Amino acid sequence: MDTTLDRALAVVAFLIGMFVAVPIVYAQSSPITIELSQPDQPMTLKVGILSADIVVIGEARGDVELVVEGGESERRIVTPSGSKAITGGSYRLSATEDNNVVEVGSDWRNSTLQVVIRVPEAANVELWTTNNGTILVRGISGEMQLQNTNGPVTVEAASGPVIAESVNDDISVSFSDLNDIGATSLTSVNGSLTIGLPESASAEVHLDTARGDITSDFEIDIQPSAPKVSRTEDRGTIEVSVENAIIANVNGGGPVIRMKTLNGDIQINRTP
Amino acid sequence: MKRTISNLSAMGLLLVSATAQTAPIVDEKKWTESFEVGDAPRLTVDVIWGDVIVEKGRSDRIEMTIESVRRADDQVSFERSLEQIPLNIGQDKDDIYLRVGRDWRHWNTLPPCRGCSVVVNVVVRVPSNTAVDVSSVNDGEVIVSDVAGVVTASNVNGGVSTSGLARCETIESVNGDVLVGFVQSPQRDCDIETLNGDINVSLPSGANADFEVSLSNGRMRSEIDLSPKSMPAQVEHVQRGDRHHYEIEKRAGLRVGRGGKALTLKSLNGDVLVERSQ
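From first to last, the protein sequence lines stand for chains A and B.
Just so you know, we're using this note's numbering here: the first sequence kicks off at 1 and counts up by one.
Just so you know, we're using this note's numbering here: the second sequence kicks off at 1 and counts up by one.
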């Protein structure tokens with residue numbers, strides 16, 4: 001199809017010196033499978049979607065499977081018989097695999113997408129969404145960096161380190177194994193933080209909530225600590241911050257788990 | 001048969017006004033062309049500046065009325081414009097064409113011709129069954145009416161208006177409005193797109209069609225009752241070396257009557273109106 005837009009795209013491609021391969025177009029009647037360049041090597045999944053429910057599931061597999069649903073919007077069409085919702089959903093999404101890094105993104109703003117991605121369980125996972133979305137990660141042993149501005153972050157059956165942030169909602173992380181993993185950090189402003197640990201797990205927890213309660217299923221060994229004051233001078237201003245975290249050991253101490261919130265509770269649960 | 005009108009003008013067959021060395025060189029002319037065609041005529045018109053109008057005419061001929069204005073800042077630029085922006089009109093069996101300019105790859109290798117332009121306003125009368133592929137870029141409208149063959153029409157900084165269509169492939173603009181009028185139910189799938197303009201589609205009473213709608217910032221209104229239709233997502237997979245890229249798009253579906261050929265409606269910043277043909 002030789003159209004003006006196609007020609008313009010061809011010009012752009014030429015100018016940046018890129019070779020444009022012939023695209024393969026098909027209807028999505030089943031999940032989209034993205035092959036990895038090196039299926040037996042570690043991979044990284046990066047997902048950034050403005051408004052999405054993002055689910056990432058770790059499995060014994062050597063590729064990535066992507067399912068996209070939703071896109072239901074509040075868009076309406078005015079017809080002779082009245083205003084009708086345009087149902088069936090619509091969205092745009094892109095995914096790229098390059099040297100075992102899979103990036104999924106969309107600037108779609110009209111509605112919330114539901115994205116389910118199945119990856120090798122050792123994958124490193126970086127996810128962010130901003131509005132009307134949720135993040136759920138299950139069964140991952142790689143490193144997880146999870147950011148949701150206005151929605152919750154939930155991690156289940158984790159056996160890798162988690163860096164999770166939510167400004168206005170809760171964060172819940174449940175570990176299946178804490179052995180030999182790096183530091184974990186859960187940070188929120190207006191949400192509660194919950195962490196689940198196996199009965200025998202050992203950890204050093206740093207707990208800091210300004211206006212919430214702290215509860216624990218474990219006996220914890222609180223370490224003596226003093227408020228930590230940091231002073232930063234930059235461009236003529238001085239910023240002084242005081243961090244007054246409770247540092248405690250669970251089962252004698254282990255990997256550091258830092259939990260900090262301003263207006264939420266902190267809870268340490270025992271997982272089955 | 002192929003004619004390069006720019007060369008003819010260079011030979012002095014046309015009026016060239018050059019009153020002073022610094023004055024712009026302007027070459028204006030108007031003429032007609034007529035081509036006998038067979039049972040499967042095709043028309044291609046690609047201009048850079050100007051209007052393209054295609055109408056139903058005689059069943060055995062394609063007739064063009066052409067007004068062209070070639071302009072350059074000086075004689076050197078004028079000569080350069082003849083090389084870089086020729087006007088070619090010709091016939092290859094049933095294929096009739098009018099093209100302004102060379103292939104962009106060729107342009108890229110030539111020195112710039114600043115201030116040069118060749119405005120071509122063309123009215124073409126074609127047999128009804130002609131396959132039409134027409135385009136303009138600047139300072140013009142693209143208008144196609146009462147053509148039953150497959151129509152492709154595009155513009156960049158102007159509108160596209162079609163009426164009396166039975167089948168189209170792509171009707172699109174970048175910064176202009178797009179009007180598509182069918183005289184019957186669409187007989188093939190068609191993409192109707194604009195980035196910064198409105199889309200207006202008219203269908204006759206009793207028509208059947210399906211719409212696949214992708215709007216970003218616009219509203220949609222219909223004078224015809226539409227019902228929702230479930231659409232599968234489309235996946236475009238491109239491989240460049242070891243890099244695999246997937247574009248996944250799902251559009252909202254709407255059905256007119258019993259449904260039929262798919263009309264894809266895409267606009268970034270414009271509204272969509274679906275109405276009954278007059």
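Hints listed in this document are in silico derivations from the structure and should not be mistaken for laboratory results.
Here the structure is a predicted model, which means the values were calculated and not measured.
Please note that a few of the clues may not be correct.
Dumping the calculated DSS-like pairs for lysine-lysine here, alpha-carbon to alpha-carbon at most 25 angstroms [what the hints assert, rightly or not]:
| id | chain 1 | residue 1 | chain 2 | residue 2 |
| --- | --- | --- | --- | --- |
| 1 | A | Lys84 | B | Lys30 |
| 2 | A | Lys260 | A | Lys228 |
| 3 | B | Lys229 | A | Lys84 |
| 4 | B | Lys30 | B | Lys56 |
Results of checking the hints against the structure:
The straight-line distance between the Cα atoms of Lys84 (chain A) and Lys30 (chain B) is roughly 52 angstroms, outside the 25 angstroms bound, and the hint therefore fails. Only pairs whose Cα atoms come within 25 angstroms are accepted, and Lys260 (chain A) paired with Lys228 (chain A) is accepted, the gap being roughly 14 angstroms. For the hint linking Lys229 (chain B) to Lys84 (chain A), the alpha-carbon distance of about 13 angstroms falls within 25 angstroms, and the restraint holds. Between Lys30 (chain B) and Lys56 (chain B) the CA atoms are separated by roughly 21 angstroms; this keeps the pair inside 25 angstroms, and the hint holds.
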